[in-house]
Amino acid sequence: MLKIKNLHANVEGQEILNGIDLEINAGEVHAIMGPNGSGKSTLASVIAGNEDFEVTEGDIIFEKSNISELSPDERAHKGIFLSFQYPVEIPGVSVTNFVRTSINQVRKAQGLEAMPAKDMLKKIKEKSELLQIDRKFLSRSLNEGFSGGEKKRNEIFQMAMLEPKLAILDETDSGLDIDALRIVSDGVNNLRTDKNATLVITHYQRLLDYIVPDFVHVLLDGKIVKSGDKELAKVLEERGYDWIKEEQTARL
Amino acid sequence: MTLKDKLISSYLLFEENVDMESDIHKHRDEAIKFFEETGFPTKKQEDWKYTSLKPILKQDYNFFPKKEDALDYKDVKKYFIHDIDTYTIVFVDGIFSSQLSNTTHELIDACLMSSALNKDKYKPVIDKYFNKAVPEDSMVSLNTAFTREGAYIRIPKNVAAEKPIQILNFSTGNEEALMVQPRNLIVLEEGSQVEIIERHQSLTENPVLTNVVSEVFVEKNAKLDYYKIQNDHTSASLIDNTFVKQDRDSVASVHTFSFGGKLTRNNLNFYQEGENINSILKGVTIIEGKQHVDHNTLVHHQQPNCQSYQDYKSIFSEKSVGVFNGKVLVDKIAQKTDGFQSNNNILIDDTATCNSKPQLEIFADDVKCSHGCTIGQLDKEALYYLQTRGIPHKEARALLMFAFANNVLSSVKIPEIKKRITKQIALKIGVELGFDS
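Those sequence lines, one after another, are chains A and B.
Heads up: the first sequence begins at 1193 in our numbering, then just goes up one per residue.
Heads up: the second sequence begins at -19 in our numbering, then just goes up one per residue.
Since the hints were made in silico from the structure, they are not lab data.
Each residue gets a CB set at the ideal place from its N, CA and C atoms; glycine is no exception.
Among the clues, some could well be false.
[What the hints assert, rightly or not] Stretches of chain B that chain A covers, calculated by requiring three or more beta carbons in the stretch to come under 8 angstroms of a beta carbon on chain A:
{"id": "1", "region": "110 to 124"}
{"id": "2", "region": "368 to 378"}
{"id": "3", "region": "382 to 394"}
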């Protein structure tokens, strides 16, 4: 589904991604772990198409087409979704109006008619129940005054509404208490099929107890230096990242 | 002959049709003298630095339209807030239209200035309030000199008006160019409440100049919500002079929605004359082309423990010009004043202009006053966020502009107005949203 080849990216001339190779197939859950500043969030932003980052080398192939030059909305139309670490507050637009606009813009890009209001309401009801979101919440301004947990739940609600092929969850667990973490992970797990894939970006192993990955990759200095299965995450939790750094130095 | 000369000479003609022996006429006489001395404001005056009246003073206006033109309700229905029950006071070319109006004297007075000025039973109210909230100002004097008609609203003690009151002023275009000067008096007695909607609308492209004065008195513990809808032809100009005097524990809000007109100048002054008063001034301006909107506000904090909240948001495109001049004056005695002022402007292209000038004059030492003014572009981070949700750049921009303006509406209490204005904003910006939620 997603194939990243030798990806280099920089921001304001500083190289952050330093040759990433990553392949994600339908039905898989991948986790990217790494210390602060290793480039995890940058990788998420570059896949989503954030124009603040400049791709200097390499390609991002999504479902056999090169998406490196596409705008963020065009990538969303192809089925890529990014759950933000810090969702943006937009006073003046309700959650409902926002989600409606979003879905209908994606449908328009795919040559489909706008979703009938009745179907939209039904879907909103179904997905908000999945994430235990109160109806009143939906008429509030997007993310304005939301708690950290509400913001993250709202991100996953949008994901549930858009049903992307590839969902990238950037530090979705930060700011969540244990109950909210469970609701959010249950939501994500519920949306999993053998046709979509999930890329979880996280600092801690905690989230991976709930969203169990098939593959775990360690990102250091803008490079994937180690890959393994879910056991690797547990080792990282126990031993931190220093031993990998030492391994790397030894190899050099 | 200049417009000033023409106005002064027509004053004699005007006098033939009013009661020259009345007390009111003394006000008129003084006012015309003041106007004769001062004339129209010019750009040399600080308060008019960015707004020139010159282009609109060139017209050969008629001041006294001959007859009331009968309008069909169905032709003007769209200018009424018609989905809810209201009292309506309607003027056509400055003359009261009984056929389009729904006035009342039951419990509250929502009727005509002309009868209030002439009937004895209103005399105590007129004596107490008429011309008592206005500052020395040439445009106000001009209006006072020609005071004859307008809306008269009085809400007695402890009465909450059961429906909103609409004041509508239509101009038909029967005159080639028309100048009208409505004079409104609004009195909320102690503990009373009312919602008012005001609109000036021309029905043709013939030039119209409206110089309206509204004096508003909000007595102890009373509550006013006043909505001004300004969405006129590009041949119509409006100088709105609104003066709100508040007594202790009262709350007054004025929302001004400016979506069109050749030149619109809003002089909006609040005078806080008691403790624990709250004054709210909000505005949304969205204009394009050769339109000009100028908000000139004053909040005068004269007593301790009061609040004021100003929030003006504007979007300007294609050669339009915006002005915001917001003055907050805090007297020495007005300790614990909480004054907030915010003016945010978005310029869509290089040809639009915006002048924003906050002015704070604070003589008390224990106050909280903040102000912020921005002239800029849309938030890049928010644009990116919307784009990752599949909303293309152009639509994302429109949605953010809509959000920017729409956010001011949170304090609008009449759902019908909120809905209409929201739709109007969406229409102006070209964003399509479903409004069933």
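Each hint, compared with the structure:
no. : hint       : in the structure
1   : 110 to 124 : violated (count 0)
2   : 368 to 378 : holds (count 8)
3   : 382 to 394 : holds (count 6)
The structure shown violates just one earlier hint, number 1.
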